[in-house]
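S.K.: Chain by chain, the residues:
There are 2 protein chains.
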Amino acid sequence: MPARMPINPHVIEMEYAVRGPIPQHAAVMQREGRRIIPCNIGNPQALGQPAITFHRQVVALLEEPSRLDREKKFNRILKNTPAIADELREEDLVSEYVLDYVENMLNQWPAGMGAYTESHGPLFIREAISRFIDRRDGVSAAGLIPADPDSIFLTEGASEGVRLILEMMITNPSDGIMIPIPQYPIYSATIARCGGTQIDYYPDEDCDWCLDRSVLEESYEKAVKDGVNVRAIVVINPGNPTGAILDEKSGREVVSFAQSRGLAILADEVYQENLYGADWTSFAKLVGEEDVTLFSLHSTSKGFYGECGHRGGYVEARNAPEVEGSDISFMELLLKQASVRLCSNTVGQALMYTVINPPEEGSEPWAKYAAEKEAILSDLYEKAVMVRESFKEMAGVESFGRIGALYHFPRLNGLPEGTTDFDYCMALLEATGLVTVNGSGFGQKPGTQHLRIAFLPPKEMLEEVLPEWITFHNGYVSM
Amino acid sequence: MPARMPINPHVIEMEYAVRGPIPQHAAVMQREGRRIIPCNIGNPQALGQPAITFHRQVVALLEEPSRLDREKKFNRILKNTPAIADELREEDLVSEYVLDYVENMLNQWPAGMGAYTESHGPLFIREAISRFIDRRDGVSAAGLIPADPDSIFLTEGASEGVRLILEMMITNPSDGIMIPIPQYPIYSATIARCGGTQIDYYPDEDCDWCLDRSVLEESYEKAVKDGVNVRAIVVINPGNPTGAILDEKSGREVVSFAQSRGLAILADEVYQENLYGADWTSFAKLVGEEDVTLFSLHSTSKGFYGECGHRGGYVEARNAPEVEGSDISFMELLLKQASVRLCSNTVGQALMYTVINPPEEGSEPWAKYAAEKEAILSDLYEKAVMVRESFKEMAGVESFGRIGALYHFPRLNGLPEGTTDFDYCMALLEATGLVTVNGSGFGQKPGTQHLRIAFLPPKEMLEEVLPEWITFHNGYVSM
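The listed protein sequences derive, respectively, from chains S and B.
Yeah, the first sequence ends on 494 if you go by this note's numbering, and it's all consecutive.
Yeah, the second sequence ends on 494 if you go by this note's numbering, and it's all consecutive.
Careful, some of the hints might be misleading.
No distinction is drawn between identical chains; accordingly, a pair holds when it is met within one copy or between any pair of copies.
[Unchecked claim] Okay, derived cross-link-like pairs now, DSS-like style, lysine-lysine, Cα gap no bigger than 25 Å in a straight line:
id, residue 1, residue 2
1, K88, K240
2, K240, K351
3, K87, K383
4, K383, K88
5, K407, K87
6, K264, K240
7, K87, K264
8, K300, K460
9, K383, K300
Treat the hints as calculated values from the structure; they're not laboratory data.
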C-alpha cells in the first residue's frame, strides 16, 4: 500500500482564496464551454495585455547571444541591399541600442543565463537596483542614505521574498506578524505554514483605508497581552486587495510605530508603478535616516510590464535586524538559507534589470517603449474608472481609496440576510461568468462584506459584462 | 534601533557546504587575481559548457512570438535574393522545424511566457512529461502503469520539489527522513530547516556504493527505537556527491524495503542523462506495479543541457501517500501549498519541455542537436576518466562506483594525523586554485575522509592542474 502519514497541519490549514473554490468552479464552467471572465487574479497577460517589446527583445537575445552578430549582419544587409528594401523593413530589425544593451549585460554576466548565479543574484543587477531605488527616491537631492547592493536580494517574484523573510522570523506559535485586514493571502498562508501567529490590524476603509496610530497600538497591545512576540508589520502599498494608495501620513505612522516598538516593516511595494498619476512614497524614503528595519519587496509581475510568469523580484533590506544569540548577521543567514535553492531564475533576474533600467529617453527604442507603457497604464486606468462608475448603479456598493494596483475592493452593504460575500461571488460567477474573489478570502472587518475584482479584462468585455453585473446585483440584493 | 529578534534556529543550524567556507575563500582569492578552478558545484555553463542551440532557439522565440513571422520572411528573402546569398547564410536562419515547434507550443499556451500558469504548470507540458516517462521506461512494451499528468508538478529546479515534499511530510522533530550518507546537502539542510530528524543510512563504498537491505533495516530500526516516525527514504541516482550509478539490485532493495515499511521513496534522478553508456533504471520502473509511494525528481540543470540558471524541473508522484486525518488528497494539498508561490517560472517550464521533447531524428535541427549532445557527453566522460586516472598517482586515494552524474568522490586514505578533509581541500585550494568540497560537507562514514570534485573544467585546464594536484597530494600526505 502507499505510504500513509499525517501531513503538516499548517499546510492543511492554510487557505489561498485567490486560487480557491471560486476560480476552481470557474474552471469547471470553462470546460463546459461557458463564458468566463477571470478577474480573480492580477495576471494581466492572461487577459491579453501585451508584453513590453523592449523587455522581450532583451531577454530573447540573452538566451541566444550568437544572434547579436546575426542581427548586426541583418542591419548591414538592409542598408546595403536596396533590392530587398521593400520586403525587409526597419521594424523587422533589432535596434543597435538594444544590441549594445544586451552586449553590455553579457559583458558583466559572462556565464550567461544557463549558469547558477550568486544566491542573491549577480552583483551588477543588484547594483542597478540600488541605483534605481536611489533615483526613485531622489536620494542624492534629499541627502538620504543610498541603497546597498549587498542588502538587495533577487527572488522568484516577490512571493519568494515573503517566504524567505517570514521563515527567518517565525520559529514558533508565539512569533507574531501584524498584517492589514484585508490582506493578500500569501501573508496569512505563509504565517500559517510557518506556524506563527497572524495579528490583524484594520486600516480605516471609510477614510480611504488610512492608518491611525491607535489602530496599530491596539492590535499590538492585544497580541502582547496574549503572549505573542510581535516581530514585524506588513504593509501593502498600493494595496492588495484594496487597490488603495496609502497616504503619506499613514506611512509615517507605520514607521514611527515600528520604530517605537522595535518591529521590522515588511513593505509590499509590487504595485509601485500602478499609480495612475497619484503620488506615492516608498517606505525606504519614509524610513529615511531612521534606523528602522525595512524589507521592501518589488516584482516584475505587476506595473505596466505584467511579467507574472517570469517570476522576477527582489527584496531590499535596510537596517537588517540584529540577531539574538548568534554572531552571524541577518543578511548572511538569509544568504545561507537561500543558497539551498541555489539562485532565483536568471530570466526573472534579467527582466528585473530591464524593468528598472528602461531605454534612455530619446534612444532608438524609447518612443515605442514609452508608447506601450502609456497605452497599458491609461487602458488600466480607464477600466478601473469604468468598473468603479458601475458600482454607483449597484445598490449598497461603495468603493474607497485612491485608485492604485490592479484592483477594486468594493464593500457590499446590505446583502440579503444569511448570505455571505462568498455566496454572492459564486452567484455572480454563475450568472455572468465574472470570476471575483470574496472579501472573506482576504479577511475583512467583522460584519462587512466585500469582493475583489482585478480590472484587467479588455474594455469590450467589461462593456458587455458590467451592465449584466448591475442587473444581477440589484436583483440579488432585493431577493 | 533596528529590530532585534531571535532568528529561526533551524536556519542558523543548517549547513550548505557546496556554497560554504571553501568556495567563499575561493571568491577572496579570485578578487586577489589568483587562478581559481571552480569544481565545487555542478554548474557546467559557468565553466564554458555551451547551451544546446535548439533549446535556446525555442525559448528565445517563445519570448518574442512576433519573430515567428519575421524569421519566415528572412527564410523567404534568402531563397529569393541571390544577391545576398554570400552574406546571409543557411546558419543565420532558423529552421522551419523550430518555427513550427514553437508555434505548436504557443497554440497550447496562448497566454505565453508572461502569465502565471496553473500552480503545477501547463497541462500540455505535464502531458509531454508523462509521455517522456513512459517512453523512457518502455511502459507500453512492458505493460507498466503509465505516468499521470495530474501527478506531475513543475518546479523551480529539483530543489523546489525537495522543499515542497519535505515541508508536507515534516511537522515536528519526531518526523524522520532517511538519507544516504554521503548526501547532497539540500536534504540535510531542508530537513533541518523544517525541524525534522535526519536518519542516516550508509551505502557501501567498497561495493561501488551498493545498498544492502540490512543497512536500510538497521538505520530504520535505530530511528524507530529513538521514537522517530520514519516518513520517507531519499535515494540519489546517479549519486551526488558520489557520482556512482546505483545497480538495479540495490534499487530493488530500496523498493521492497519502502514497501514493507510503508515509506515514501524520494528519488533524486536529476542526473539520469549523465550515464556515459552505463545502464540505469528509473525508480518509476523499479516500483512498477507495486503500490509504493514514489516522488521522482528531474531537472533542466544537469544532463548534457546544464541549464542551471533557468530553474526548471519537475516532481512525478506515484501512489501518493494517504493523508491521515484529512479528506483532502496529498496532491490537492501539494497544489494548495504551491499555489502560494503561484507557479514556477515559465522559461524553466518551457526548457523542461524542450529537454524531454528533443527534435525528431532526421528533422532539420536533429544533426546539430545530436552532435552537440554527443560532444558534451563525450567531453564530460573523457574528463571524468582523466580525473579518475590521476587518482592512481595520488597515494591512498581510491574512487568507487560506475561513473555517472558530474562528480567523483574519492576517499582520501591516510591524511596526516590531526588533519581533516576540510583542511586538505583548503590547502589544495591555496596550492592550486582547485575548488573542491570536503567530504564532511556531505556526511561520510565516521573515520573516512573524502572530497567531491565536479569534472567540469575545460580539458586544458585539467591537464594543467591535475599534475599540480598530484604533486600537492603526495607532499600533503607525507607531511
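S.K.: Can you give the numbers of the hints that this structure goes against, from lowest to highest?
M.R.: Violated hints (numbers, rising): 1, 2, 5, 6, 7, 8 and 9; every other hint is consistent with the structure.
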